[in-house]
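Undergrad: Sequence:
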Amino acid sequence: MIKINKLEIENVKRVKAVKIEPTANGLTVIGGRNGQGKTSVLDSIAWALGGDKYRPSQPARDGSTIPPSLHIVMSNGLVVERKGKNSDLKVIDPDGQKGGQQLLNEFVEQLALDLPRFIQSSSKEKANTLLQIIGVGDQLFELEKKELEIYNRRHAIGQIADQKKKFALEQLYYPDAPKDPVSASELIRQQQEILARNGENLRKRENLRKYSEEVDRLEDEIRGLQMKLAEAMNNLDIAKKSARDLQDESTEELERNIRDIETINVEVRANLDKDKAEEDAKVYEEQYNALTKDIEDVRQAKIDLLKGANLPLPGLSVEDGELIYNGYAWDNMSGSDQLKVSTAIIRKLNPECGFVLLDKLEQMDIDTMREFGTWLEAEGLQVIATRVSTGDECSIIIEDGYATGTAHTEELITEQEPKWKAGAF
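Numbering of the sequence shown is given in our numbering, commencing with residue 97 and proceeding in unit increments.
What you were told as hints is all true, and nothing was included just to trick you.
List time: in silico DSS-like cross-link candidates among lysine-lysine, alpha-carbon distance up to 30 Å:
1. 444 <-> 456
2. 194 <-> 181
3. 99 <-> 194
4. 261 <-> 370
5. 242 <-> 261
6. 260 <-> 378
7. 389 <-> 370
8. 149 <-> 444
9. 260 <-> 241
10. 179 <-> 115
For the record, the hints were derived by calculation from the structure and aren't laboratory data.
Put together the whole structure using the sequences plus the hints.
TA: Pasting the structure below:
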């Protein structure tokens with residue numbers, strides 16, 4: 097990884113003269129009060145390495161007659177300079193060959209020069225950046241698209257299933273009603289058969305009455321009508337035998353069923369409707385459960401895809417289109433974790449770029465900042481950061497555009513006796 101070995105800045109924005117040799121691995125903190133030139137140091141590095149798109153709108157320091165001057169030595173031996181009236185770029189490799197911005201672009205990651213651009217991006221943009229650099233963005237997009245399609249289908253099926261269940265519950269049900277609708281014609285046929293049998297009984301009873309009357313009449317004429325009496329008596333015996341065991345059948349139940357047939361059939365149809373509604377609800381519920389299984393399979397595929405990916409940081413993942421680190425979404429991460437995740441992703445974007453610029457490190461307390469620095473050292477990363485502070489945690493302190501000095505600085509100037517010549521280091 098390529099890092100910054102040394103940088104010298106003169107007359108850029110608020111900086112008058114600063115020389116820094118950043119720590120190769122870990123955190124180099126540029127401290128100072130507000131308005132002293134801390135951020136100008138980071139802006140100068142971004143301009144020197146990132147090109148004219150990082151050029152400040154007013155690069156020259158107010159009150160200076162000497163044009164801005166930038167000199168950076170990289171760990172790969174490249175020397176990057178911007179000097180002169182137009183601050184033209186000059187890139188010289190260890191062999192003395194000259195190059196330009198294209199040579200720098202091979203190892204300078206743009207987000208390393210502008211970390212806030214990544215931090216301020218949306219959750220989806222952060223997640224997409226990570227997915228693209230680990231090479232699973234397209235596959236995960238297809239899985240998420242498939243999951244959304246199944247989810248929408250399941251949602252629609254679930255709504256229908258709920259409607260079917262609600263409809264089935266609202267249906268009337270009559271437990272005593274027959275399973276099938278009652279036929280009026282069948283009941284009428286049965287009634288007619290009974291009426292026919294009863295009519296036959298009536299005819300036989302009429303015969304009994306008729307012959308009884310005839311016997312009574314003939315008895316009055318018995319002496320003169322012996323032959324006719326004998327015949328009548330014979331007919332009477334036959335009629336008695338025929339009528340002896342007769343018993344009329346009641347049509348009351350059939351008549352009641354005929355009267356109640358519509359009521360019965362309403363109950364039967366209601367029961368059939370309820371059975372059908374419950375069956376429909378069951379079918380849609382089974383479809384809903386099957387789609388739920390499909391969604392679970394797709395989500396497991398997403399998990400397996402990310403498990404097999406070469407992620408830049410243990411505990412880092414993507415869930416539902418958002419970055420997740422150690423179980424927390426971006427807005428629930430601590431400030432140090434956000435910086436750790438951002439730094440790890442930026443390093444992954446361009447593994448050749450071993451440095452990151454970070455403004456406003458005062459969001460971290462001292463212990464958290466030390467933890468962050470320890471992590472950077474373990475990862476072999478270089479971070480040059482600013483912090484509103486003049487404490488011992490600062491590697492260098494900027495005061496009124498000058499480096500007042502600490503472990504990694506070389507004092508270039510004092511107010512009483514300048515040790516440097518204006519315009520040169």
